[in-house]
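Colleague: Here is how the chains run, residue by residue.
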Amino acid sequence: MSDPKLKVRVATCSLAGCFGCHMSFLDIDERLLGLLELIEFDRTPLTDIKHCGPCDVGIVEGGVCNAENVHVLKEFRKNCKVLVAIGACAITGGIPAMRNNIDLWDCFQEVYQYEGGLEGHQVPNDPELPLPFDKVHPINEVVKVDYFLPGCPPSGDAIWRFLTDLLNGREPKLDYEMLHYD
Amino acid sequence: MGAPMSKTITIDGKSIPFKDGQTIMDAAMAADVYIPHLCHNPEFKPHGSCKLCTVKVNGRNVASCTMPAVEGQQVLSDTLELNDERLSLTQMLFVEGNHICPSCEKSGNCQLQAVAYYLGMMSPHYNHFYPQREVDASHPDMLLDRNRCIYCELCVRASRDVDGKSVFGLSGRGIGSTLVVNSTSGLLGDTNLAATDKAAQVCPTGALLKKRQGFTVPIGQRIFDHRTIKDVQLGEEHE
Ligand code: SF4
Ligand code: SF4
Ligand code: FES
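So the protein lines, in turn, are chains S and H. Under my numbering, think of the first position of the first sequence as 1, with each following residue one higher. Under my numbering, think of the first position of the second sequence as 1, with each following residue one higher.
The following block holds chain S by itself, in its conformation from the complex:
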């Protein structure tokens, strides 16, 4: 099963998230070694591959808060047979969506101009920076999502259960205690 061509190709990314779901993914600990017998990583923050190629499974952490998030998300949807939303932010907008009821400019001023200890007191305005949206959205409001794995973050055990179900061709099913939104 070590022939890379026979392995399930998996890509992951973090959009408007905190990388907590990726950290939780690493929390499956030594089971990761067994998993690597079955899967091959494409683009992930772990491999540092910058663009997603054709994959079997794409796992997306974080919601959509700017134009770059949309590009990455669409690239994932185009390349991944199965797309999974992992974590509260990808599924509901999560903590970043707490800014949805605050005017974006007020928000920027609060963070970059009024907050103490900042140099320059300017709202960053570099052409390299992606265009921010006035609201943060869950990813299923932009592309079709096949599976949702909630939690902030989901536990390593929940992620393990989800992936092993999926890789074994079963419909993923969490135990009661593995399903939580916090």
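A hint or two may mislead.
Claimed, not checked - Below 30 Å or equal to it, Euclidean Cα-Cα: the simulated DSS-like pairs (lysine-lysine) are:
#, chain 1, residue 1, chain 2, residue 2
1, H, Lys230, S, Lys173
2, S, Lys7, S, Lys81
3, H, Lys7, H, Lys56
4, H, Lys14, S, Lys173
5, H, Lys51, H, Lys198
6, H, Lys210, H, Lys165
7, S, Lys50, S, Lys78
8, S, Lys173, H, Lys51
9, H, Lys56, S, Lys173
10, H, Lys45, H, Lys56
11, H, Lys45, H, Lys19
12, H, Lys211, H, Lys45
Because the hints were derived from the structure by calculation, they are not lab data.
Chain S is already provided as a structure; the job is to place chain H with the ligands on it using the hints.
Modeller: Okay, now just chain H with the ligands, sitting in the frame of chain S:
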């Protein structure tokens, strides 16, 4: 013949006794049959607004918390179809408010969330409204965060019928509904609500919270973290 036979209805094929005046929900709870519900609390007069408790009686959908039990009713409750509808209603409640569970003090103790867990809700499915709603922190002991209000009117009923204060009311209709506070300023701090009032204890969600209690019980050790709402509520029924 001995004592008169007690009257019965049938829920999911099981024979359930009832007394006159009981609703289908009352009879079900007394017989250890769980019907999902949110706006119903056995301590108060039924309100019948969330429709989560919808069952099929002789082929028609009715709210079991308001429907009187009548001899011979054939009730269906725990079916795939009804649970699917309950799931959709729950998902709508999530997207029409602002429910950011990771930042909510009620998480783990919240009945809206617990019902969603019970129904296996993996996502809110519908597009989020992200409505603009007011937070009222003016009261020294209570916080009113309307982002999480599901308009169940439990605080309204408790304040009016138990505390005799009528601090809360619902205003507007449909998606324009808001929970209003009965003071000239409209602020909770200008009412005579006390943290010991019944109204301060009944909110099923994190909309009406006691201040300074936030995380005294840590996440992971809360009511619904390990037990389903079905087990918890049937357990309470027999206390
Ligand atoms: S009220 Fe309940 S469902 Fe809403 S954010 Fe709080 S814990 Fe989540
Ligand atoms: S504040 Fe709580 S108890 Fe009152 S109507 Fe809203 S959800 Fe119900
Ligand atoms: S519990 Fe019956 S309508 Fe809400």
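Colleague: Lysine 173(S) and lysine 51(H) were given as a pair; does the straight-line alpha-carbon distance stay at or below 30 Å?
Modeller: Cα-Cα ~27 Å, so holds.
Colleague: Can the restraint linking lysine 14(H) and lysine 173(S) be considered satisfied, given a maximum Cα separation of 30 Å?
Modeller: Since the Cα atoms of lysine 14(H) and lysine 173(S) sit roughly 29 Å apart, the hinted pair holds (cutoff 30 Å).
Colleague: Given the hint that lysine 210(H) pairs with lysine 165(H), does the C-alpha gap stay at or below 30 Å?
Modeller: Holds, because 18 Å separates the two Cα atoms, which is no more than 30 Å.
Colleague: Does lysine 56(H) pair with lysine 173(S) here, judged by a C-alpha cut-off of 30 Å?
Modeller: Within the cut-off at roughly 28 Å; holds.
Colleague: Next pair to validate is lysine 51(H) with lysine 198(H); report whether the Cα-Cα distance is within 30 Å.
Modeller: Roughly 24 Å separates the two Cα atoms, so the pair holds.
Colleague: For lysine 7(S) and lysine 81(S), compute the direct alpha-carbon distance and say whether it is at most 30 Å.
Modeller: holds, 14 Å
Colleague: Given the hinted pair lysine 50(S) and lysine 78(S), is their alpha-carbon gap at most 30 Å?
Modeller: holds, 15 Å
Colleague: Checking one constraint from the list: CA of lysine 211(H) to CA of lysine 45(H), max 30 Å. Satisfied?
Modeller: holds, 28 Å
Colleague: Holds or violated: lysine 45(H) with lysine 56(H), Cα cutoff 30 Å?
Modeller: holds, 22 Å
Colleague: Quickly compare the C-alpha distance for lysine 230(H) and lysine 173(S) to 30 Å and report which way the hint goes.
Modeller: Given pair lysine 230(H), lysine 173(S) holds - Cα atoms ~20 Å apart, limit 30 Å.
Colleague: Do the alpha carbons of lysine 7(H) and lysine 56(H) lie within 30 Å of each other, as the hint requires?
Modeller: holds, 19 Å
Colleague: Mind checking the alpha carbons of lysine 45(H) and lysine 19(H) for me, to see if they're no more than 30 Å apart?
Modeller: Holds - the C-alpha atoms of lysine 19(H) and lysine 45(H) are around 17 Å apart, at most 30 Å.
Violation of the numbered hints given earlier is absent; every hint is satisfied by the structure.
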